[in-house]
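Just so you know, the sequences run in chain order A and B.
Number 696 in our numbering belongs to position 696 of the first sequence; there are no gaps in the numbering.
Number 39 in our numbering belongs to position 39 of the second sequence; there are no gaps in the numbering.
Please keep in mind that the hints were generated in silico from the structure rather than gathered at the bench.
Since we're looking at a predicted model, the values are computed, not measured.
Check the hints yourself; a few may be wrong.
Pairs of lysine-lysine residues, derived as PhoX-like cross-links and limited to a Cα-Cα distance of at most 25 Å, are as follows [to be verified]:
{"hint": "1", "chain 1": "A", "residue 1": "K613", "chain 2": "B", "residue 2": "K82"}
{"hint": "2", "chain 1": "B", "residue 1": "K82", "chain 2": "A", "residue 2": "K627"}
{"hint": "3", "chain 1": "B", "residue 1": "K228", "chain 2": "A", "residue 2": "K613"}
{"hint": "4", "chain 1": "B", "residue 1": "K22", "chain 2": "B", "residue 2": "K74"}
{"hint": "5", "chain 1": "A", "residue 1": "K267", "chain 2": "B", "residue 2": "K140"}
{"hint": "6", "chain 1": "B", "residue 1": "K115", "chain 2": "B", "residue 2": "K79"}
{"hint": "7", "chain 1": "B", "residue 1": "K140", "chain 2": "A", "residue 2": "K619"}
Among the chain B residues that face chain A by a calculated CB cut under 7 Å, a handful are [what the hints assert, rightly or not]:
{"hint": "8", "residue": "R84"}
{"hint": "9", "residue": "N96"}
{"hint": "10", "residue": "L101"}
{"hint": "11", "residue": "E105"}
{"hint": "12", "residue": "I113"}
Anything over 12 Å on all C-beta distances counts as not near chain A; from chain B, calculated [stated by the list, open to error]:
{"hint": "13", "residue": "K8"}
{"hint": "14", "residue": "F29"}
{"hint": "15", "residue": "N30"}
We treat Cβ as the ideally placed atom computed from N, Cα and C, and that holds for glycine.
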Amino acid sequence: MLFKLSIRNMKKSFKDYAIYFLTLVLGVAIFYMFNSLDSQQAMLQVSQSTRTMIQLMIQLLGMISVFIAIILGFLIVYANNFLINRRKREFGIYMTLGMGRRQISAIILLETVLVGVLSLVVGLFIGIFASQFMSILVAKLFEADMTEFTFVFSKTACIKTCIYFAVMYGAVIIFNSLTISRYKLINLLTAIRKNEKVKIKNPIISILIFLASAVILGYAYYQVTGGVYELQTGDKLLPLIIMGIVGTVGIFWSLSGFILKIIQSSKSIYLKGTNMFVLRQLNNKINTNIISMSIICLMLFMTISVLSSSLSIKSSLDSELDKFTPVDVNLYKTAYLPESYVSSYSGKTIYNTEEQIEDSKHPVSYTLETNGYDLNSLKDIVEIPIYTLPEWTLQFSLGDYFKTAKAQFSNLAYEMPETIIKISDYNKIAELYGEEQYTLKDDEYIVLCDFEQMTNLRNEALKENSNIVINGKTYYAKDNECKYGFVFMSVSEMNGGIIIVPDSFEFKDENIEQFFLAANYNAETEEEKVELNNVLAGEVDSELFNNLSDKGIDLEGSTKISLVESSKGLSSIIIFISIYLGIVFLIASSAILALKQLTESSDNKQRYTILRKIGCDEKMINGALFKQIFIFFMLPLALAIIHSIFGIKFILSMLAALASPDELLPSIIVTAIIIGLIYGVYFLATYFGSKNIIKEEE
Amino acid sequence: MSNVLEVKNIEKYYGNKSNLTKAIDGISFNVEKGEFVGIMGASGSGKTTLLNCISTIDRVTAGQIIINDQDITKLKGNKLNKFRREELGFIFQDFNLLDTLTAYENIALALTIQKVKPHEIDEKVKEVAEKLDISGIINKYPYQISGGQKQRVASARAIITNPKIVLADEPTGALDSKSARQLLETFEHLNKNLGATILMVTHDAFTASYAERIIFIKDGKIFNELIKGEDTRKQFFEKIIEVQTLLGGDLNDVI
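Just chain B, with the same shape it has in the complex (with noise of 0.2 Å):
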């Protein structure tokens, strides 16, 4: 399997000389096609760093970012912006709908900026809706919908083009336990059956356990990495958790 981003050595610092901050302090990791990875830590570790340099939000201090073969930290606006719209599909943890559009608008709109042809659009718009069971509310608006499902018209947007890597930070962060977990199955199916490739970040060993293989991340290094393999999902669930508890999580400081 080819790698679709490879991760080599990145650092990231924050502030000036006199008082510095490694937010990310040597990462190296590979994604490949088709995987379903996460990436967990505590508030603080930098995880989200992680995340936005991978995502061109931001831009890392040294190292190489390879995503499909094209090192994206050498990307300079334009191509940068066009890389994003073409390459990346996104999912937030406050599912960043625009309000004002119909669900149906509001996917479309990841085509209509990459100026896909219209009556292509149509199509596609419906296809993924479908596949996402989200057809019933396709023509309503934001604020007529439950949070899972805005979850899941989020997911259509970030999956309706194509991307090569989907990334999802906090995925389940706004939404309630039972809503979570019909996403995360979105998630396994999209992923499992339609072949994409997610980089998902999350601090919650719940959500962590859908994925096949977790990076733990502390103080801006990787600390651990667990691999789902042959494990049932509740055996995945609590490795997690002792990993979480070695790493010295929220819990044990308020211990």
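Only chain A is shown next, with the shape it has when bound in the complex (with noise of 0.2 Å):
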């Protein structure tokens, strides 16, 4: 009889059901989709390093996993409220009707469990048909072959969703049962909630708090984008958040009453149609709505940047990598090791054996060689020594701008001595490497660096002082401003400071502080490439790995696959992660904002009943629903785009070694389908319940 009951419950209001049921769908297809991953075929064809990346990856997906189902289950249990809310009425009958507090509740139990079940169910079947459209996702990332197309199921995903959503609507059933035993029967029959009290605001308050929060707004604005550059530390940018947070809320505070104002003022537009109803009903609900439409807002922000910024993130590291990466490996190591030296970990002292440090006193291609690696495998080689000088730091280089230096990023590494590279040196890499090379004067020096937030500290300090006493010698800066050049490769702008110096410049042989060696694989296939860089990179065991591990000899190195391998890697775990939780904060706000306007609906039911008494016909009345709902649906989202324009300017100019700005336009089209489609569902789903809620009962 209960089941019946619920049932036919559920077919009766099944509208009203359908956001919670979009929502749940929408919830178990992500979930299952993102934690599907690790089955993905595409998965399965990668390389060693790569899949240790998605190892990573996969871990951070998890753990975000739990994050998830806390936002899904608080969502889920706001918008079961909603429904209970609106069958108040219903289970007052069924109390006078003589059934107690445990049928009802079980009877929600019974509704709750067959809706979850069925969204589970359905929302699977999507997550399993969407994750094969991920798979071409994850194989474009990682460069995997697809060549073969095979049906993916992950069970563990699968399994993993159930239990998860399990738990969640255990959540609802709790919260439910409690809701139902504290209902008092004569609150539950008149449930229906009178027409209320209208808060009105005084007009010019609100336009001064709106002309505030605007300039608030501005000024934050201006601060991340204009004034980036006096950004450096978090605790700077905490401020500008609160002043965002505070500016939003104050938007909303103040918006309905400021735009009311205005267009009273222009009485062709007030006094036509439905406009003047519309407007207040606007005021109204932007009035009682103004912290979940800010949080809905700030929400929608984070959406569209992360998502934007993330996907531009991506495709500016596939197309700079080549630049970074001029050839196959650099190798490096230590020289001229000490015969003791404090461990700065343990603060033991630690002995160098003569084998090492007899090693340490030739060039790299002396170790490979030495200890059984075929000179012969590379091509190309170019070898430097790399200098320091103890006395020549960065403070050295800075000189007078030092104290100004300091006073603004107070955490460099101001007593580390600088990279010297003697000018003939360098322009052998540059040949190598199809850089500029440069010539300099027996009194000059040159610096190199790519690194932004460096380049432009050097700068100040060229342009300041630039002559530097040195063994009794002073030299002068070629340029006031530093050159474009590395010597190591990375997958970004990460060259902090290199100093080119004359080939005159004097230096002991102590004073090599590494030996340097660039080359190229000799090799015609990739496959072959791939075959010689497994040795260097470690990868597999090889007799110069056995040799050097034997020994205690650190040969470090970079190589262009394992760069680009990693950079890959990184990237794709950005994207993932933003992604996943970008749509889950969609489906959140679309999802409040939808609860919201229902709630609000039936709630004035009444207003439209008078308007239709009065002579509004159904086209009048559903124009003013859908004017509402469009308005309270786009408000957040405007003010969301605005804050955005600034907001990825912002990220794109932290991560300036990492995107670039031409790479977003794509990346925002892409928001925006996502955003639409999703915003675009719920909007359409809310217009169509509300429009069902507001008609005439026969």
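Mind assembling these two chains? They're in different frames, but the hints should get you there.
Shown next, in the form of structure tokens:
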């Protein structure tokens, strides 16, 4: 009997359930998709180092899933609460008929279970199909071979999804029985809300607050874009975040009063059709939902900026990678090891062996040869020594500018000796890398730097005081700014500064800090390169590495293949996590907006009845409803878009090394499509749901 | 005088073949332009159904209702809505004012949904507010004014569109006696001085005594008709009570 009642209830209130069901299904589908990544076919065909990255990513996604589950859990409880409130009267009638609280709880339990199971099945079904598209994305990101398509089903992800959602439904059931047990019959039967008092705000205060909020936001916008170079530390960002939040709340607090006042002053708009009614409704709605609208606006802002900037990181990483990895391999080791040193970790004195000390007196090629590596595997070998002078530190380079720099960036390693290279050595590297070569007079030096913030800092110093007095001789900067260039390969602009000195500059042997080698693999095909790379990247056992580890010789390096793979892995992790979080935030904000609007519609049913009575036809009423819901949905989105314009600019300038603005347009389009789709579905569901609610009862 | 409203032998049935209820069973009457007519009857007598049929909210099963030479039982869809908007004015028991709008806006809304030009609206609203003595509260919200004032705002909304006929459904039902008297005087004023045609449904003898003619309904049929004529209101009121007693109204059922 109870079961029949439950089924009939659900059929009857299907449109009420639409939003709830939609949220559950989307939640389940997204949850499954991102937890099924490990069994994607593409994941099985990638190299060892990529697989490590994927492992890391899956671990991270797993942790984030817990956070996501909490968000979804709250959302589901909130949505369910809306449904229960809609049906207070129905429960009241059951109670007058003699049904106990326990039986009512049982009905709700049955309904929750039914909806839960149904949404789980539908959600998993959608998730399984959508994850097939996901595997195409995965394949593209990791450049895996996807010529053979196989249908992927992840059993673990499926079970995990079921367990997580079962827990969430459990929470809903507990919450429901608590709610029911608190109900009083009289309140249930008279639960139809009456027209309430209208909160009216002083229009002048509204306008003032609106302007003040606009100024606050404008200032914050300026700070994160125009004044971004002063924002180097997190604690300077915090006030701006607070300003952003305060500004957003202020805008929503004052917006309705502000708009109302402005439109009221134009009689031809205000006194037209149902405009008056729509505006007053909105005014009321915004005023009672200031906090939730602000939160939704901020969530949308995060979604938009995170999605579009992370997608652009990916594309710019790919295109710039070639520039930063001009050769196949860089190898380097510390030169002229001392007999002993005090470990900075353990504080103990560590003695270097004879073998280690002897090896460190020779260049990298010596180490390779003496330890059984065939140098014929490499071509285009360039070897240079890299020097340091204990007295030539960053602080020394900066000269008088040091104090200003210290005040601004307190935690730079000013005591670190600068990396110094002789001009002819650098030119050899530059020739190999295909970069510009330089010439120097005997009393000149050049600073090479491509890391943006360091370049700015050094340029300031070079402008103010560029003469260096060392070993009793004065050196002048060839230019009063840094030159572009790097020696060590990386995934982005990471060179914080290399000093190029004339060949006549005198160094002692101990001044050699490192021996450096750059070379290409002596191979024709990609496969051969990968094979050679596996030896130097230490991915397979080799004579070289066995010997080196026996002798305790540290040979460091980076290879093009590993750099490319790790950067792809990194960007993919960023993308997956941000899409995951972004979509869940989007679902959460759309669902909350939708439920707010539906609650509002059922509370305001009487108003529409009045409109109908004084002669509005259905077309007018539906038009008024549509306008209201449209504006209600668009307002937070509009402000979020404005926020995002500056937010994205800020993220791009922070990640200047990783992303470039030219890549932004496609990612913004993708973001717009995702948001338009999910937000749009919720908007339509809300409109039709509301229309149904305010429909006249026969 | 021409007839504004002609009700011709209308019938309204509810239910199905096996269980038929005749809510209205052959009612005919006319209302002339400028008349103030009351319809009385106990609850369940069919008076609200009658009003609903006249106000086009409900449809008749048989018969014709002609308002201003137009048979409204033949109107459908948007034409019906347009007709209701433009030719009829409504006053309800529970005021039906929108609580989010000020009194001014509530009155103006009746015009804006008729797509009256904005610059005419302001003038008209002020004019009608003047006539109904609500200029002082025109910018207040419904919750800030008394029941009597609310009903006068509702009246202003009903007549601002110059309807052919104003339909009032228990207009004093939610008012205290002092406010009720004031409202009825307003109705008299509307009827006598502004020429509004009013059809008022009520079960209250005192309220009905303000009308010029009263049609009594019992079990879906016209039971009696009273015309005030040269009587004072007190005399008219006593006659109404007599008919009500005859009618076997609420009181008789108790005894």
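Status of each hint after checking the structure:
1. Using a Cα cut-off of 25 Å, the hinted pair K613/A and K82/B holds, with the two alpha carbons roughly 12 Å apart.
2. Restraint check for K82/B and K627/A: satisfied, since their Cα atoms lie roughly 22 Å apart, inside the 25 Å limit.
3. Distance check on the hinted pair: K228/B and K613/A sit about 31 Å apart at the alpha-carbon level, beyond 25 Å; violated.
4. Annotation: proposed proximity of K22/B to K74/B holds, straight-line Cα distance about 21 Å (limit 25 Å).
5. For the hint pairing K267/A with K140/B, the CA-to-CA distance comes to about 18 Å; that is within 25 Å, so the pair holds.
6. Note on K115/B and K79/B: the hinted pairing holds, with a Cα-Cα distance of about 15 Å set against a maximum of 25 Å.
7. For a cut-off of 25 Å, the pair hint linking K140/B to K619/A is broken: about 29 Å separates their Cα positions.
8. For R84/B, the shortest C-beta to C-beta distance to chain A is roughly 5 Å, which falls under 7 Å, so the interface hint holds.
9. Contact between N96/B and chain A, as hinted, is supported at the beta carbon level, the nearest pair being about 5 Å apart and thus within 7 Å.
10. Hint status for L101/B: holds, given a least beta-carbon distance of 5 Å to chain A, under 7 Å.
11. Proximity of E105/B to chain A holds as hinted, the smallest CB-CB distance being about 5 Å (cut-off 7 Å).
12. Using the Cβ-Cβ criterion of 7 Å, the hint placing I113/B at the interface with chain A is satisfied: the shortest such distance is roughly 5 Å.
13. Once the 12 Å rule is applied to beta carbons, K8/B is consistent with being away from chain A; the minimum gap is 24 Å.
14. Remark: the non-interface label on F29/B is consistent with the geometry, its nearest Cβ contact in chain A lying 24 Å away (cut-off 12 Å).
15. With 12 Å as the threshold on Cβ separation, the claim that N30/B sits away from chain A holds: the shortest Cβ distance comes to roughly 24 Å.
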